[in-house]
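Student: Sequence:
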Amino acid sequence: MRSTPGIPALATAAAGLLLTGCAGAGATASDDGTVRLTVAIVSNPQMQDAISLESEFREQNPGIEIDFVSLPENEARAKITTSVATGGGEFDAVMISNYETRQWAEYGWLANLQPHIDGAEGYDPDDFIPSIRDDLSHEGDMYSVPFYGESSFVAYREDLFEEAGVEMPEEPTWEEIAGLAAEMDGVEPGVSGICMRGLAGWGEVLSPFNSVLNTFGGRWYDEDWNAELDSPEFRETTEFYVDLVREHGQPGAANSGFGDCLNQYAQGRSAMFYDSTSMVSTIEDESAGTVAGLNGYAPAPVNESDYGGWLYTWSLGIPSTSEHEEEAWTFLEWMTDKDYVRTVAEEYGWQRVPPGNRLSTFEEPAYQEAAGAYAEPMLSGIEDADPSDPGTRPVPYEGIGFLAIPEFQDLGTRVSQQLSAAVAGRVTVDEALEQSQEYAETVGETYREDDR
Numbered sequence: 075m076r077s078t079p080g081i082p083a084l085a086t087a088a089a090g091l092l093l094t095g096c097a098g099a100g101a102t103a104s105d106d107g108t109v110r111l112t113v114a115i116v117s118n119p120q121m122q123d124a125i126s127l128e129s130e131f132r133e134q135n136p137g138i139e140i141d142f143v144s145l146p147e148n149e150a151r152a153k154i155t156t157s158v159a160t161g162g163g164e165f166d167a168v169m170i171s172n173y174e175t176r177q178w179a180e181y182g183w184l185a186n187l188q189p190h191i192d193g194a195e196g197y198d199p200d201d202f203i204p205s206i207r208d209d210l211s212h213e214g215d216m217y218s219v220p221f222y223g224e225s226s227f228v229a230y231r232e233d234l235f236e237e238a239g240v241e242m243p244e245e246p247t248w249e250e251i252a253g254l255a256a257e258m259d260g261v262e263p264g265v266s267g268i269c270m271r272g273l274a275g276w277g278e279v280l281s282p283f284n285s286v287l288n289t290f291g292g293r294w295y296d297e298d299w300n301a302e303l304d305s306p307e308f309r310e311t312t313e314f315y316v317d318l319v320r321e322h323g324q325p326g327a328a329n330s331g332f333g334d335c336l337n338q339y340a341q342g343r344s345a346m347f348y349d350s351t352s353m354v355s356t357i358e359d360e361s362a363g364t365v366a367g368l369n370g371y372a373p374a375p376v377n378e379s380d381y382g383g384w385l386y387t388w389s390l391g392i393p394s395t396s397e398h399e400e401e402a403w404t405f406l407e408w409m410t411d412k413d414y415v416r417t418v419a420e421e422y423g424w425q426r427v428p429p430g431n432r433l434s435t436f437e438e439p440a441y442q443e444a445a446g447a448y449a450e451p452m453l454s455g456i457e458d459a460d461p462s463d464p465g466t467r468p469v470p471y472e473g474i475g476f477l478a479i480p481e482f483q484d485l486g487t488r489v490s491q492q493l494s495a496a497v498a499g500r501v502t503v504d505e506a507l508e509q510s511q512e513y514a515e516t517v518g519e520t521y522r523e524d525d526r
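Just so we're on the same page, my numbering is the position in the sequence shown counted from 1, plus 74.
Hints are not guaranteed to be accurate.
What the hints assert, rightly or not - In silico SDA-like links for lysine to any residue, alpha-carbon gap of 20 Å or less: (1) LYS412 / ASP198; (2) LYS412 / GLU130; (3) LYS412 / LEU453; (4) LYS412 / GLN120; (5) LYS412 / GLN442; (6) LYS412 / SER129; (7) LYS412 / GLN188; (8) LYS412 / GLY193; (9) LYS412 / PRO439; (10) LYS412 / ALA238; (11) LYS412 / ASP192; (12) LYS412 / GLN134; (13) LYS412 / ASP208; (14) LYS412 / HIS190; (15) LYS412 / ASN135; (16) LYS412 / TYR197; (17) LYS412 / GLU443; (18) LYS412 / ALA194; (19) LYS412 / TYR422; (20) LYS412 / TYR441; (21) LYS412 / SER434; (22) LYS412 / ARG132; (23) LYS412 / PHE131; (24) LYS412 / ALA449; (25) LYS412 / ALA440; (26) LYS412 / GLU195; (27) LYS412 / GLU397; (28) LYS412 / GLU438; (29) LYS412 / ASP123; (30) LYS412 / PRO189; (31) LYS412 / PHE436.
For the record, the hints were derived by calculation from the structure and aren't laboratory data.
Turn these sequences into a full structure, and let the hints guide you.
Tutor: Written out as structure tokens, the structure reads:
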């Protein structure tokens, strides 16, 4: 795999993004010595729980106060990338993923957390699921720590399946899922056969799309960085995905991101939901919807490969510009420690704990009881993920739901816009792929030039 390109290109691109609604310029210290940290996070349900529990942190750390900047996923990515890439210093801790961590560590944009981890009594980094810990490390040191980890699987309404007289295979193929979606579409008034993302964004529609692409034998580039978005495999995947979502998916699919589908399924308006395993914290919560206790779970569907899921983690890092690294680490330690999991369980129940980051969570008897239907497929999906070998053919990049190259933020966004437009019916699949191939070929050319 080729090394990442120079920092200026990414920093310049990031600087072009709008930086709006900032909550100050990083940590400040008051006259009484209290430090106020500004922390940027994604406004997913588990992160909202963290905000609600911040008083617990303050009780344990009276000299530190937290100002959260909580934003939807696409907006959070843009704002955090802009701030960190340009050294803006707005944030003392940021929520990032396994996509950003290694790249930003190489650029020197993140503080090395390993000295803090090694000095934290009882923190137990070996308890992190190995595939996640490795994907958040650069040259053997961790530069962000996981808040939750995820792969993907299919949630489905066991009661509706029984009502319709159909069964979910133990290890479904995508052809079987498409057949079930057709059969379950309209099983009850207002219920779609399946819910899948169609919203533009490299971290939105491309996450599930790429997992389908990998198991269909497709890839973005061959080993020489020749773009393959016009290949038969990429075309077959796109036609399958677009047809499935348009014919048997939720209304307004082109505008549906993870949160929209999560709400759609939790409110009983879809018979199946293929997406992140982190969905369980919401759909198994009686206070968040109407389907808790009614769900079955199946592994990510496959086609030509034996594995169809992805690997992703929302993690927390400290920008190297923070002037209060020690205090920021104190907050990160609190939010990613075993004790935090127990705090969430005590306050909201085991079904709400951040899933998929620590092995010890899966060993808790109370969690096993609450998560009996989904714990095994979740853990297997995360443990079995191999970002270095995402599909059926060799590739020059790493990543399953994304390509771990800096250009993917822009390239993925552009391609996702074309896919979303195809889902909306504004362009044909042929038109979407023709334009996407041009975008991808431009990026591939820069890699081929570097290899000459």
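Student: Has the given pair, LYS412 with ALA449, been kept, meaning a C-alpha gap of at most 20 Å?
Tutor: With a Cα-Cα distance of about 17 Å, the restraint between LYS412 and ALA449 holds, given a limit of 20 Å.
Student: Holds or violated: LYS412 with TYR197, Cα cutoff 20 Å?
Tutor: Holds: LYS412 and TYR197 sit about 7 Å apart, inside 20 Å.
Student: Does TYR441 sit within 20 Å of LYS412, going by the straight-line distance between their CA atoms?
Tutor: holds, 13 Å
Student: Check the hint pairing LYS412 with PRO439 against an upper bound of 20 Å on the C-alpha distance.
Tutor: Roughly 15 Å separates the two Cα atoms, so the pair holds.
Student: Sort out whether ASP192 lies within 20 Å of LYS412, counting only the CA atoms.
Tutor: The given pair, whose Cα atoms are some 16 Å apart, holds under the 20 Å limit.
Student: For LYS412 and GLN188, compute the direct alpha-carbon distance and say whether it is at most 20 Å.
Tutor: holds, 18 Å
Student: For a C-alpha distance cap of 20 Å, please report whether LYS412 and ALA238 respect it.
Tutor: With a Cα-Cα distance of about 42 Å, the restraint between LYS412 and ALA238 is violated, given a limit of 20 Å.
Student: Decide if the proposed pair is consistent with the structure: LYS412 and SER129, CA atoms, cutoff 20 Å inclusive.
Tutor: holds, 18 Å
Student: Holds or violated: LYS412 and GLN134, Cα atoms, limit 20 Å.
Tutor: Satisfied, since the Cα-Cα distance of roughly 15 Å is no more than 20 Å.
Student: Within 20 Å, alpha carbon to alpha carbon, are LYS412 and LEU453?
Tutor: Holds - the C-alpha atoms of LEU453 and LYS412 are around 17 Å apart, at most 20 Å.
Student: Would you check the hint for LYS412 and ALA440, treating anything up to 20 Å between C-alpha atoms as holding?
Tutor: holds, 14 Å
Student: Compare the distance between the alpha carbons of LYS412 and GLY193 with 20 Å, and conclude whether the hinted pair is satisfied.
Tutor: holds, 16 Å
In the structure shown, a violation is registered for the earlier hints numbered 10, 27, in ascending order.
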